[in-house]
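Number of protein chains: 2
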Amino acid sequence: MTVVQPVAFVRNSRKGQEDDNWGDVESRIELAPGVDPVSLEGIEAFSHIEVVFVFDQVPDEAIERGSRHPRGNTAWPKVGIFAQRAKNRPNRIGTTMVRLEKREGGVLTVRGLDAVDGTPVLDIKPVMKQFLPREGTRQPAWVDELMRGYWGTGPGH
Amino acid sequence: MTVVQPVAFVRNSRKGQEDDNWGDVESRIELAPGVDPVSLEGIEAFSHIEVVFVFDQVPDEAIERGSRHPRGNTAWPKVGIFAQRAKNRPNRIGTTMVRLEKREGGVLTVRGLDAVDGTPVLDIKPVMKQFLPREGTRQPAWVDELMRGYWGTGPGH
Numbered sequence: 013m014t015v016v017q018p019v020a021f022v023r024n025s026r027k028g029q030e031d032d033n034w035g036d037v038e039s040r041i042e043l044a045p046g047v048d049p050v051s052l053e054g055i056e057a058f059s060h061i062e063v064v065f066v067f068d069q070v071p072d073e074a075i076e077r078g079s080r081h082p083r084g085n086t087a088w089p090k091v092g093i094f095a096q097r098a099k100n101r102p103n104r105i106g107t108t109m110v111r112l113e114k115r116e117g118g119v120l121t122v123r124g125l126d127a128v129d130g131t132p133v134l135d136i137k138p139v140m141k142q143f144l145p146r147e148g149t150r151q152p153a154w155v156d157e158l159m160r161g162y163w164g165t166g167p168g169h
Numbered sequence: 013m014t015v016v017q018p019v020a021f022v023r024n025s026r027k028g029q030e031d032d033n034w035g036d037v038e039s040r041i042e043l044a045p046g047v048d049p050v051s052l053e054g055i056e057a058f059s060h061i062e063v064v065f066v067f068d069q070v071p072d073e074a075i076e077r078g079s080r081h082p083r084g085n086t087a088w089p090k091v092g093i094f095a096q097r098a099k100n101r102p103n104r105i106g107t108t109m110v111r112l113e114k115r116e117g118g119v120l121t122v123r124g125l126d127a128v129d130g131t132p133v134l135d136i137k138p139v140m141k142q143f144l145p146r147e148g149t150r151q152p153a154w155v156d157e158l159m160r161g162y163w164g165t166g167p168g169h
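These protein sequences, in sequence, are chains A and B.
Under our numbering, the very last position in the first sequence is 169; numbers go up by exactly one each time.
Under our numbering, the very last position in the second sequence is 169; numbers go up by exactly one each time.
Honestly, I wouldn't trust all of these hints.
No copy is singled out in the list; a pair is fine if it fits within one copy or between any two copies.
What the hints assert, rightly or not - The calculated PhoX-like cross-link candidates involving lysine-lysine, where the alpha carbons are at most 25 Å apart (straight line), are: (1) K141 with K90; (2) K90 with K27; (3) K114 with K90; (4) K99 with K27; (5) K114 with K27.
Simulated from the structure, these hints should not be mistaken for lab results.
As the structure is a prediction and not an experimental result, all values here were calculated from the model.
All chains should be modelled from the sequences, with the hints used to inform the complete structure.
As C-alpha cells, then:
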C-alpha cells in the first residue's frame with residue numbers, strides 16, 4: 013500500500029467524462045498549495061511532458077478488474093483491463109504525453125490532456141526521446157477504430 | 013490523498029539502484045496475489061507496454077522537492093525535479109515503455125524495464141501509437157549526455 017498526494021491539479025473546460033475530441037483541449041496544470049514552482053524550473057526546454065494523474069471521478073464499484081469490451085462495444089474483442097487504457101482500472105492512474113505550450117511560475121499550459129477539470133496530478137515528467145519506443149510499435153486493429161475520434165481534429169498531442 | 017495498491021511486482025537480476033545499462037535487462041512482471049490473470053488478456057497483441065511503478069527503495073528524506081543537478085553533475089544545469097526523470101521525486105512514480113516479449117498467464121516478460129527486483133507495479137497499459145507524440149520532440153542537450161549509457165548496448169526498450 014502506498015499513499016500518494018497530488019502535486020498539481022488540472023484546470024480546463026471539460027467537466028464531464030466525454031470520450032472523444034481531446035486534442036484541442038487546452039489545460040492549465042496548477043501546482044498544488046505548498047509545491048514549490050522551482051520544481052518546474054527548466055521544463056520549458058522540453059516540447060512535451062508526461063502527466064501522471066488520477067481518474068478520481070471513477071467510483072470504486074465501477075472499477076474493472078477482469079476483462080471487458082472496450083467502451084462496451086461488442087464489435088471489439090473482450091480484453092483485459094491492462095490491455096486497454098480505460099479509466100475504470102485498478103488504481104485509476106492515467107498517463108498522457110502532451111504538448112507543453114508555456115510555463116508561468118507554477119502553472120503549465122498544455123494541449124491535448126485527456127483529463128477533466130479538477131483532476132489530481134501525481135507526477136509531471138519531461139518526455140525524453142530516449143524513453144519513447146526505439147522501433148515501431150504493433151497494436152491490434154480495434155485500437156485504431158477506438159482512437160479514431162479521440163483526439164478529434166485538434167493539433168494537440 | 014489517494015491510496016494505491018500494487019497490481020504486480022517486478023522480478024529481475026537488478027538488485028541495486030544502478031544508473032545505467034538497462035536496455036538488456038529482462039524482467040518478469042508477476043501479477044500480485046488476488047489479481048486475476050484475465051486482466052492481461054489480449055495484451056500480447058501489443059508490441060510494447062507502459063509500466064507504472066513505484067521507486068519504493070527511495071527513502072522519504074531523499075525526495076527532492078525543488079531543483080537539483082541531474083545525477084549531481086554540476087556540468088549539467090540545475091533543473092526542477094519535474095523537469096527530470098530522477099527516481100527521488102514526489103510520489104516516487106516511474107513510468108517506462110518496454111518491449112513485451114511474451115505473456116504466460118499472469119506473468120509478462122519484458123525487456124528494458126529500468127526498475128529493480130521487487131519493484132511494485134501500479135499499472136500496466138498497452139502502448140498505443142495514438143498516445144505517442146504525433147510530431148517530433150524537443151529536449152535540452154544535457155538529456156542526450158545523461159542518457160548516453162542508460163540503455164547500454166542492449167536491444168531493449
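Status of K90 relative to K141 across identical chains (alpha carbons, at most 25 Å): between (33 Å within a copy, 20 Å between copies)
Within, between, both or neither: K114, K27 at alpha-carbon 25 Å: Within one copy, since 23 Å is at most 25 Å while 39 Å is not.
Up to 25 Å CA-CA - K27 versus K90, copy category: neither (29 Å within a copy, 37 Å between copies)
25 Å Cα threshold - placement of K27 relative to K99: within (15 Å within a copy, 33 Å between copies)
Intra- versus inter-copy proximity for K90 and K114 (alpha-carbon distance at most 25 Å): Between copies only: 19 Å across chains, 40 Å inside a chain, cut-off 25 Å.
Of the numbered hints stated above, the single one contradicted by the structure is hint 2.
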